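Chemist: What follows is each chain in one-letter form.
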Amino acid sequence: MNEVQHIEVNEYHDYIKSLLEEGYEMMMDLTAVDWFRKKEPRFEVVINLLSLSKNLRKTIKVQVPDENLTIPSITDIYPGANFYEREVFDMFGIVFENHPELTRILMPDDWIGHPLRKDYGSGRIPVQFKNAPSVD
Amino acid sequence: MYSPDNIFTTTIDKAVRWSRTQSMWPVTFGLACCAIEMMAAGSAKYDLARYGMEVFRASPRQADLMIVAGRVSQKMAPVLRQVYDQMAEPKWVIAMGACSSTGGMFNNYALVQGVDHIVPVDIYVPGCPPGPQSLMHGILTLHDKIMAGEINR
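Residue numbers (this note's numbering), protein chains in the order written: chain A, 1 to 136; chain B, 1001 to 1153.
Honestly, the hints are just simulated from the structure, not real lab data.
As the structure is a computational prediction, the values presented were derived from the model and not from experiment.
Hints may contain errors.
To give an idea of the chain A side of the interface with chain B (calculated C-beta under 7 angstroms), a few residues [what the hints assert, rightly or not]:
id, residue
1, P108
2, P115
3, S122
4, G123
5, I125
Straight-line alpha carbon distances no greater than 30 angstroms define the calculated DSS-like cross-link-like pairs of lysine-lysine that follow [said to hold, decoys possible]:
id, chain 1, residue 1, chain 2, residue 2
6, A, K38, A, K58
7, A, K118, B, K1075
8, B, K1014, B, K1145
9, A, K130, B, K1145
10, A, K61, A, K17
11, A, K61, A, K38
Okay, the calculated beta carbon distance ranges per label pair [to be verified]:
id, chain 1, residue 1, chain 2, residue 2, range
12, A, G113, B, S1023, 43 to 53 angstroms
13, B, T1011, A, T103, 55 to 65 angstroms
14, A, G113, B, N1152, 44 to 54 angstroms
No residue lacks a Cβ here, since even glycine has one placed at the ideal position from N, Cα and C.
Bound conformation, chain A alone (with noise of 0.2 angstroms):
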């Protein structure tokens, strides 16, 4: 069974804090949405718990205001969600707060702009191939 759970990002914190004592042991992801120009606000973190002694699982969503993309770090509860916190402010360019090292995990350091937003190109080169109809 899997339980979605939306949430305010002030409550966040302490309610992440509440399920791992509840029996929710092990943070299985943490990712972000882009819903851009379908939702609103734009962007939706994501985090999906599993509570072996229970055999449950859980999904909290939590909405990040537009204006504010910053968000509470989970670390000092599930210091597995470091990496992934990493990752989506990466990709996403959403902050956490109190993270110990929020920097980019995937892309070279110097990197501008955030690849996984929806209104960041592909960076495609394109290519006219022998014979085919042109698509661009």
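Since the structure of chain A is provided, determine the placement of chain B on it from the hints.
Modeler: Same frame as chain A, but now just chain B:
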């Protein structure tokens, strides 16, 4: 005049080129699925040792050939260039597979569109991934190229 039958005469040019082709040690540079095919080429069935090049050196200082097997990301590009710079002359580069030759199916921001943007490439091996036979054909083509070329490059 005494002439034993176990002495050959040749030109130094030819001898140097021949020795380069017959013990060409590749540097270990597997980046993606092409590396699996490269390993298969080194294994017993395809047996790269027949050409004296089964020793994939972990140190670029001991290597003559870099087989770039797989897609090169923007972050990997400076690493690849550094490994190439650390190799002693003479050195050669084989771009193995579609990704390292042109960027292949990954036409996007994250990957280098062809490893020839970073290092000079001698042989392009097509395929996705190229099988061990294709890689060995590329290697033998490189041998032919060395045998036909100049010894001072």
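Chemist: Each hint: holds or not?
Modeler: Verification of the supplied hints:
1. The interface hint given for P108 of chain A holds, since its Cβ lies 5 angstroms from the closest Cβ of chain B, which is under the 7 angstroms cut-off.
2. Evaluation of the P115 of chain A hint against chain B yields a held restraint, the C-beta minimum of about 6 angstroms falling below 7 angstroms.
3. Hint status for S122 of chain A relative to chain B: holds, with the closest Cβ pair at about 5 angstroms, below 7 angstroms.
4. Given hint, G123 of chain A at the interface with chain B, holds; its Cβ is 3 angstroms from that chain's nearest Cβ, closer than 7 angstroms.
5. Because the smallest distance between the Cβ of I125 of chain A and any Cβ of chain B comes to about 6 angstroms, under 7 angstroms, the interface hint for this residue holds.
6. Simply put, K38 of chain A and K58 of chain A have alpha-carbon atoms about 24 angstroms apart, close enough for the 30 angstroms limit, and the pair holds.
7. Our distance criterion of 30 angstroms between C-alpha atoms is met by K118 of chain A and K1075 of chain B, whose separation comes to about 22 angstroms.
8. With a CA separation close to 13 angstroms, the supplied pair K1014 of chain B and K1145 of chain B stays within the 30 angstroms bound.
9. With a C-alpha separation of about 28 angstroms, the suggested pair K130 of chain A and K1145 of chain B falls inside the 30 angstroms cut-off, and the hint holds.
10. For the suggested pair K61 of chain A and K17 of chain A, the alpha carbons sit about 15 angstroms apart, so the restraint of at most 30 angstroms is met.
11. The straight-line distance between the Cα atoms of K61 of chain A and K38 of chain A is roughly 16 angstroms, inside the 30 angstroms bound, and the hint therefore holds.
12. About 47 angstroms separates the C-beta atoms of G113 of chain A and S1023 of chain B, a value consistent with the hinted range of 43 to 53 angstroms.
13. Between T1011 of chain B and T103 of chain A the C-beta distance comes to about 57 angstroms, which sits within the given range of 55 to 65 angstroms.
14. Range check, G113 of chain A to N1152 of chain B: Cβ separation about 46 angstroms, and the 44 to 54 angstroms hint holds.
Going through the hint list in order, the structure satisfies each hint without exception.
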